[in-house]
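Work out the full structure: start from the sequences and follow the hints.
Quick note, the sequences are listed as chains A and B, same order.
Add 114 to a position in the first sequence, counting from 1, and you land on the number used in the working numbering.
Add 18 to a position in the second sequence, counting from 1, and you land on the number used in the working numbering.
Don't take every hint at face value.
Chain B residues, not near chain A, derived (Cβ > 12 Å throughout) [what the hints assert, rightly or not]:
#1 A57
#2 P64
#3 H84
#4 D170
#5 R200
#6 D210
Take a look, some chain B residues computed to stay more than 12 Å from chain A by CB distance [stated by the list, open to error]:
#7 R124
#8 Q161
#9 V203
#10 A219
Derived CB-CB ranges, DEER-like [stated by the list, open to error]:
#11 B:A57 to A:H216: 27 to 35 Å
#12 A:R438 to B:H84: 52 to 60 Å
#13 A:A175 to B:M150: 29 to 37 Å
#14 A:V146 to B:R209: 49 to 57 Å
In short, the hints are calculated from the structure, not lab data.
Glycine residues also receive a C-beta, built at the ideal position from the N, C-alpha and C atoms.
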Amino acid sequence: MTGPASFHRLFIANRGEVAARIARACDKLGIVPVFGVSEADRGAPYLEGRESVLLGPGRSALSYLDLTRVVQAAKQSRCSALHPGWGFLSENPALAALCEQHGITFVGPSAAVMALMGRKTPAKQAMKRAGLTLIPGSDGVLADADAAVEAAERTGYPVLFKAESGGGGRGMRIARRAEEVRTAFEDARAEATAAFGDPRVYMEKLLEGGRHVEIQLMADRFGQVVHVGERDCTVQRNHQKLIEESPSPVLAPAERERTLEAAVRAAASIGYVGAGTMEFLLDEGGTLRYMEMNTRLQVEHPVSEMRSGLDLMVEMIRVAAGHRLSVAQQDAQLRGHAIECRINAEDPSQGFKPCPGTLTRFELPDLEGGAVRVDTHVASGYVVPPFYDSLLCKVIVHADTREDAIARMRRALSSMVIEGVETTIPLHLAVLASDEFGASRHDTRRIPGWPPA
Amino acid sequence: MSAHDGRRHAQELVLNVRHEGGHSTLMAPRPGLYRGAPAPDTVLAPGMIAGELEVLGVRFRLLVPHGAHGAVLAVGHEPGSGTKARRLARRPVAAGDALVVLDPARQAGASSGALAESAQGDAAGLAFRAPMGGRYYARPSPQAAAFVEVGDILEAGRTIALLEVMKTFHRVQYGGSAMPERARVLAIVPRDGDDVGASDALLRLEPA
Numbered sequence: 115m116t117g118p119a120s121f122h123r124l125f126i127a128n129r130g131e132v133a134a135r136i137a138r139a140c141d142k143l144g145i146v147p148v149f150g151v152s153e154a155d156r157g158a159p160y161l162e163g164r165e166s167v168l169l170g171p172g173r174s175a176l177s178y179l180d181l182t183r184v185v186q187a188a189k190q191s192r193c194s195a196l197h198p199g200w201g202f203l204s205e206n207p208a209l210a211a212l213c214e215q216h217g218i219t220f221v222g223p224s225a226a227v228m229a230l231m232g233r234k235t236p237a238k239q240a241m242k243r244a245g246l247t248l249i250p251g252s253d254g255v256l257a258d259a260d261a262a263v264e265a266a267e268r269t270g271y272p273v274l275f276k277a278e279s280g281g282g283g284r285g286m287r288i289a290r291r292a293e294e295v296r297t298a299f300e301d302a303r304a305e306a307t308a309a310f311g312d313p314r315v316y317m318e319k320l321l322e323g324g325r326h327v328e329i330q331l332m333a334d335r336f337g338q339v340v341h342v343g344e345r346d347c348t349v350q351r352n353h354q355k356l357i358e359e360s361p362s363p364v365l366a367p368a369e370r371e372r373t374l375e376a377a378v379r380a381a382a383s384i385g386y387v388g389a390g391t392m393e394f395l396l397d398e399g400g401t402l403r404y405m406e407m408n409t410r411l412q413v414e415h416p417v418s419e420m421r422s423g424l425d426l427m428v429e430m431i432r433v434a435a436g437h438r439l440s441v442a443q444q445d446a447q448l449r450g451h452a453i454e455c456r457i458n459a460e461d462p463s464q465g466f467k468p469c470p471g472t473l474t475r476f477e478l479p480d481l482e483g484g485a486v487r488v489d490t491h492v493a494s495g496y497v498v499p500p501f502y503d504s505l506l507c508k509v510i511v512h513a514d515t516r517e518d519a520i521a522r523m524r525r526a527l528s529s530m531v532i533e534g535v536e537t538t539i540p541l542h543l544a545v546l547a548s549d550e551f552g553a554s555r556h557d558t559r560r561i562p563g564w565p566p567a
Numbered sequence: 019m020s021a022h023d024g025r026r027h028a029q030e031l032v033l034n035v036r037h038e039g040g041h042s043t044l045m046a047p048r049p050g051l052y053r054g055a056p057a058p059d060t061v062l063a064p065g066m067i068a069g070e071l072e073v074l075g076v077r078f079r080l081l082v083p084h085g086a087h088g089a090v091l092a093v094g095h096e097p098g099s100g101t102k103a104r105r106l107a108r109r110p111v112a113a114g115d116a117l118v119v120l121d122p123a124r125q126a127g128a129s130s131g132a133l134a135e136s137a138q139g140d141a142a143g144l145a146f147r148a149p150m151g152g153r154y155y156a157r158p159s160p161q162a163a164a165f166v167e168v169g170d171i172l173e174a175g176r177t178i179a180l181l182e183v184m185k186t187f188h189r190v191q192y193g194g195s196a197m198p199e200r201a202r203v204l205a206i207v208p209r210d211g212d213d214v215g216a217s218d219a220l221l222r223l224e225p226a
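Right, dumping it as C-alpha cells:
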C-alpha cells in the first residue's frame, strides 16, 4: 500500500461474524485489530490470539450499544480508527460524531451524511434530485390527519404510513380504504413517538408483490464514486434476508444501467464516503424505486466481492485512511453469478425458533478452489449465546451462470456438517430446489419452495 | 450536570464485586482510565470511594458496592504498587478488571489504615477528615443552606461538604466503617472556601 499512512491499530466495535470479517481485512492491511467484547463473547474462537477490551455484560445496552464504553475502549487501547461493522451502532451518527471528537477515525461516512440519510424524507428528496425514482406518496411529512387523507386520495390505495425516523418495520401502518386513513395515520404517529421519540410520519403507496434490489456503492474522499452492481435480496422472512444474489435475474438491462448511474450521482451529490447501499423496490412494472440508504457495509457484501474480485472491507478501511479507491468504474468488472445463503441457528420447521446451544460439529464444505466461500466466526465447540442474532455463517458461491451457481450452492450446503443446533440449511435446500426460485417467479411476500409441499 | 452557580459535581459509578477465597475483589464496571487506588490497609465500606475512572474525559468516583467491605490488600508483584506516584497515575482498565482486593476479616481497629487512623481523632476527640485535598464548600450553592449545622445528627451517606479538586466538585459523604453509625456535629472546622489538605479535620464529632 502506497500513499497516505494506514492505521496502526483499529478498534472493532462489533461482534461475531462481522468482527471476524473486519479482523481479516486488518490482517491483509497490516493493521492490529482490537476487539471490544462483552462477557458473553469472551473466549469465542474468533478472539483467540487477538487483543480485546471487555466492554461490559452480555446485554448489548451495557456493552456493544454503549457509545461511551465503545469509544473510551478504543481510545485507551490506542486505536486511531474504529469500525462499526453492521447492526449495533453502525448507523448511529452520534458514534461517528463522538469518534471525531476524540480524534478517532470512524470507518464510514461523516456524522452529517449519516444523519441526513437517517431522516427519511430529506433523504428521498436528495435522491430524487439526483434522478432516482421514488415510490409515489406524500411530499415530506404529514402535518395532520386531513393532510394524510388528502395525500392518500391523491396517491391511490393501498397506502403505507411510515415513521420519519423509523426503521425495522416499526411505526408503519397500512390503509386500504379511505375510512382507514385517519386511524392508520394516528396509530403510526403513536407508534413512531413511542419507538423513536419522533411523531412525524410520511406516506407512500403500498406496492405489493415487488422484489428487493439494492446497489452497492463505494466512495472515497476525492469525490470518486463507484458502483459494484446490484444484489437481489427478494427471499426474505419478516424483512430478514435469507438469500441474496447478483445480478438480479429479473432486472431489465436498461433499468439497471439507468439506476446504477443515478445512484452513483446521488451518492456523489451528498458527499458520501465509504461503503454504502441504496435499497430499492423493483415494482411489477420493472421500475426500481428508491426506499432508503444504509450508510455502512452490509451482511451480504461478499456477493458483490465474488463478482468483482474486490475486497470491499479492505477498500472501505483504506478509504477511511485517506486513500483513493483502488479501482475506477471501468475497471470494476462484474463477472458471472454469485449467491449467498445465510445459515442461522434457527429451526425453520418450528416457525424459525432461535436455537442457542453448543455446536458439537461444524465442518466446512469443499471450497472448490475459491468458488465457494464461507464467512464465519464459529467453530466446533462454539456456544451460540442467547443475547445476539442467530447468524452462524454465510455460504457464498460463484459460477458462470445462475444455474451453475444454484447447483454449486446445493452441493456446498449438502456437504456442510453442523450438529448441536438446528439451522436454516434445510430451508435453503428446499428454496434452491424449487421451480419458483429457479424461474425467479417469487416476490418478497412469500419464501419460494417453503414450507415444502 | 452543572448547578446554577456553575459548579460541576463529580459523577459516580458503582464498582462490581466478586467474592472468592475469603476476599472481595472490586472490579471496573466499564472501560476507562483508573487512578486514585486506595492505599494498602485503608478500610473501605459500601458507599466509600475506591478511586476514580475517567471515561471520555469525564471523571467518575468509583463507589464500593453493597456487600463489600474490609481492608485494602497490597497488590503484590507489581513494581512500585502502593506508592503515591503509582496511585496518582492513570492506567487503562477494561470492564471486569480487578482494581482493589479487600480482606473482610480486617476491619476498623484491626488495622492501622489511613481512614481508621484518621477516625481516631486527636486531642479534641473524634473527627471526620477530608478524603482528599481541595477547596472546601459548606453549601451546594452560595444561596443554599449549609449541608451541615452544629448539632446535626449525621448518618452514613449524608453529604457534609463539597470539595473542589481540579475544577471538579466532589460530594463528601459521612460514613466509613471506622466512624460511628450516628454522630453529632460538635464543630465545623474549615470556613466556607478554605483550602484543606487530605485528612485535615472537617468536623468534630461525638457518637450519638
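Going down the list of hints, with the structure as the test:
1. Every C-beta of chain A lies more than 12 Å from that of B:A57, the closest at about 24 Å, which supports listing it as non-interface.
2. Interface exclusion of B:P64 from chain A stands, the closest Cβ pair being 21 Å apart, more than 12 Å.
3. Consistency note on B:H84: stated as away from chain A, and its beta-carbon is indeed over 12 Å from all of that chain's, at 18 Å minimum.
4. The claim that B:D170 lies off the interface holds: its Cβ sits roughly 38 Å from the closest Cβ of chain A, which is beyond the 12 Å cut-off.
5. For B:R200, the shortest C-beta to C-beta distance to chain A comes to about 37 Å, beyond the 12 Å cut-off, and the non-interface label holds.
6. No Cβ of chain A approaches the Cβ of B:D210 within 12 Å, the least distance being about 34 Å, so the stated non-interface status holds.
7. The claim that B:R124 is not at the interface with chain A holds, since no C-beta of that chain comes within 12 Å of its own (minimum 29 Å).
8. Remark: the non-interface label on B:Q161 is consistent with the geometry, its nearest Cβ contact in chain A lying 33 Å away (cut-off 12 Å).
9. Listed as a non-interface residue, B:V203 keeps its Cβ farther than 12 Å from every Cβ of chain A; the least gap is roughly 39 Å.
10. Even its closest Cβ contact with chain A, about 37 Å, leaves B:A219 beyond 12 Å, as expected for a residue assigned away from the interface.
11. Take B:A57 and A:H216: their Cβ atoms lie about 32 Å apart, and the range 27 to 35 Å holds.
12. For A:R438 paired with B:H84, a C-beta distance near 57 Å keeps the hint of 52 to 60 Å intact.
13. At about 33 Å, the beta-carbon gap between A:A175 and B:M150 stays in the expected band of 29 to 37 Å.
14. For the pair A:V146 and B:R209, the beta carbons lie near 55 Å from each other, so the given range of 49 to 57 Å is met.
Checked against the numbered hints given earlier, this structure breaks none of them.
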